[in-house]
Amino acid sequence: MKNIVVTLFVNGKKEVLEVTSKERLLDTLRDQLNLKSVKEGCDVGECGACTVILNGQAVNSCLVLTAQIDGYEVYTTESLENKGNLHPLQQAFIDYHAIQCGFCTTGMLMSAKALLDKNSNPSREDIKTAIEGNLCRCTGYEQIIQAIESVSKKVKG
Amino acid sequence: MIEFEFLSAKNIEEAINYMHNYKLSKLLAGGTDLLVDIHKESPRLGEFSYVIDISNIEELRFIKEYEDIVEIGPLTTHTMLIESPIINKYFPLLAIAAKTIGSPQIRNRGTIGGNISNASPAADLVPPLMVLNAELELKSMDDKRFVPIEEFIVGPYKTSKKDDELITSIRIPKLDESYKGNFQKIGRRQALNIARLNLALIAKIDEANKKIEDIRIVPGSATPYPLRFKNLEREIEGKTWNQLDLDYLSQKIGEEMISITGERWSTPYKKPALGGILKKAMNELLNF
Numbered sequence: 001m002k003n004i005v006v007t008l009f010v011n012g013k014k015e016v017l018e019v020t021s022k023e024r025l026l027d028t029l030r031d032q033l034n035l036k037s038v039k040e041g042c043d044v045g046e047c048g049a050c051t052v053i054l055n056g057q058a059v060n061s062c063l064v065l066t067a068q069i070d071g072y073e074v075y076t077t078e079s080l081e082n083k084g085n086l087h088p089l090q091q092a093f094i095d096y097h098a099i100q101c102g103f104c105t106t107g108m109l110m111s112a113k114a115l116l117d118k119n120s121n122p123s124r125e126d127i128k129t130a131i132e133g134n135l136c137r138c139t140g141y142e143q144i145i146q147a148i149e150s151v152s153k154k155v156k157g
Numbered sequence: 001m002i003e004f005e006f007l008s009a010k011n012i013e014e015a016i017n018y019m020h021n022y023k024l025s026k027l028l029a030g031g032t033d034l035l036v037d038i039h040k041e042s043p044r045l046g047e048f049s050y051v052i053d054i055s056n057i058e059e060l061r062f063i064k065e066y067e068d069i070v071e072i073g074p075l076t077t078h079t080m081l082i083e084s085p086i087i088n089k090y091f092p093l094l095a096i097a098a099k100t101i102g103s104p105q106i107r108n109r110g111t112i113g114g115n116i117s118n119a120s121p122a123a124d125l126v127p128p129l130m131v132l133n134a135e136l137e138l139k140s141m142d143d144k145r146f147v148p149i150e151e152f153i154v155g156p157y158k159t160s161k162k163d164d165e166l167i168t169s170i171r172i173p174k175l176d177e178s179y180k181g182n183f184q185k186i187g188r189r190q191a192l193n194i195a196r197l198n199l200a201l202i203a204k205i206d207e208a209n210k211k212i213e214d215i216r217i218v219p220g221s222a223t224p225y226p227l228r229f230k231n232l233e234r235e236i237e238g239k240t241w242n243q244l245d246l247d248y249l250s251q252k253i254g255e256e257m258i259s260i261t262g263e264r265w266s267t268p269y270k271k272p273a274l275g276g277i278l279k280k281a282m283n284e285l286l287n288f
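Each protein sequence line maps, in turn, to chains H and Y. All residue numbers in the first sequence are consecutive under the numbering used here, ending with 157. All residue numbers in the second sequence are consecutive under the numbering used here, ending with 288.
In isolation and in its complexed conformation, chain H is listed as follows:
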């Protein structure tokens, strides 16, 4: 099996990578680029722990082959922090106790980011829909929803 060369723009940085035919975006991000915020959970697109933003949309990185996305833009949670300052979403997750074990958090943040990028004024229902593909077994979701709501309220001014 011959390897495939792809160019990705990961968190704003150009990366030229060699991947195998069955390498998933999840594997490339974690193993080749050392972006460990991207969590490996169910591997079948159900838990959302591996969620990243691909060309502006939240996707499960376990269901994308890296060979498929030559030239695409990928954003992971590592992109949120800016010069030592947490992103408002990250700060809100802390303030609202929306993190317990933390395993789902990075995927949850990327789903929330994808929502706010598209709709800075989401309803509570919009927020619930946006995170319906992210499973969390400890917070019970309420704190997560409140955290996201608080950021959208700040955006609203």
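Each hint should be verified, as a subset may be incorrect.
[To be verified] Far from chain H, by Cβ distances over 10 Å, these chain Y residues were calculated:
| hint | residue |
| --- | --- |
| 1 | 40 |
| 2 | 69 |
| 3 | 209 |
| 4 | 239 |
[As the list claims (entries may be wrong)] Straight-line distance between alpha carbons at most 25 Å, and here's what the computed DSS-like set of lysine-lysine pairs gives:
| hint | chain 1 | residue 1 | chain 2 | residue 2 |
| --- | --- | --- | --- | --- |
| 5 | Y | 174 | Y | 204 |
| 6 | H | 2 | Y | 23 |
| 7 | Y | 210 | Y | 279 |
| 8 | Y | 40 | H | 2 |
| 9 | Y | 174 | H | 22 |
| 10 | H | 22 | Y | 23 |
Because the hints were derived from the structure by calculation, they are not lab data. Backbone N, C-alpha and C fix where the C-beta goes; we use that ideal spot for every residue, glycine too.
Keeping the supplied structure of chain H fixed, place chain Y upon it in accordance with the hints.
This is chain Y only, laid out in the frame that chain H set:
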């Protein structure tokens, strides 16, 4: 261990060439079904040596409106269907069905062509496409043909698509305004639910005489593959509102299911549940 060579098609011609020249290949569109099967090493995959990626063929991603039909490119994602003003105007039940699929992540990647060609008994877009009389355009190296979706799906996970054929569009005839549609689904949780049961129906409604003139009904996950329940349709067609006995009809839909599937372990659940969603669909359709 599943091993395969990855081939990337940039346009329709290249995809068809690959399919013609590389036997034992799988088409990769959104990947939301295929990559799950590969990960689980599902026996359903059979033998294959090549994956032909069509996910970047932009000419297969469109929603176009013509005088009599709407044409949908097979790489149109569920999110695009949900957000399309054309789909919401002419076939709202298709947008409603797309909304019930998976999660935002899945809807952003999964495609209508993938949903159709995977031919899962629980595919959420197939019952709506069937009641809408959708037709598929299939192209191969030296042929082009049109197949009604009713004839395309021939068994659970089985279609009449030949190995070298590519779905190049899905055509849906526009309906006159007296048609109304409805879609129902039962799953175990709100998101990511693979349908335990779903139901699509459309009906031509004569508001003045309070009468149903034409009705098409397709349940999903009720039979080995979705198909029209024609006996039930005949029970309803031509009846006025007050001639409709929903209890009787919900009994009938269960009987028609059993006449196709026989009694199964799931029948004691599915029979009343299917009757229940039929009632709900009819009530919503007629605003009872």
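To see whether the hints hold, each was checked on the structure:
1. Against chain H, the non-interface label of residue 40 of chain Y is violated: not every CB pair exceeds 10 Å, the least being about 7 Å.
2. Chain H leaves residue 69 of chain Y outside its interface by the beta-carbon criterion, the shortest separation being 28 Å against a cut-off of 10 Å.
3. Consistency note on residue 209 of chain Y: stated as away from chain H, and its beta-carbon is indeed over 10 Å from all of that chain's, at 39 Å minimum.
4. In this structure residue 239 of chain Y is separated from chain H by more than 10 Å, as the shortest Cβ-Cβ distance comes to about 37 Å.
5. Taking the CA atoms of residue 174 of chain Y and residue 204 of chain Y, the gap is near 13 Å; set against the 25 Å cutoff, the hint holds.
6. Note on residue 2 of chain H and residue 23 of chain Y: the hinted pairing holds, with a Cα-Cα distance of about 18 Å set against a maximum of 25 Å.
7. About 17 Å separates the Cα atoms of residue 210 of chain Y and residue 279 of chain Y, which keeps this hinted pair within 25 Å; it holds.
8. Under the criterion of a C-alpha separation no larger than 25 Å, the hint pairing residue 40 of chain Y with residue 2 of chain H is consistent with the structure, at around 23 Å.
9. With a C-alpha separation of about 41 Å, the suggested pairing of residue 174 of chain Y with residue 22 of chain H is violated against the 25 Å cut-off.
10. Distance hint between residue 22 of chain H and residue 23 of chain Y is fulfilled; the C-alpha atoms sit about 19 Å from each other, no more than 25 Å.
Hints 1 and 9 from the earlier list are contradicted by this structure; the remaining hints agree with it.
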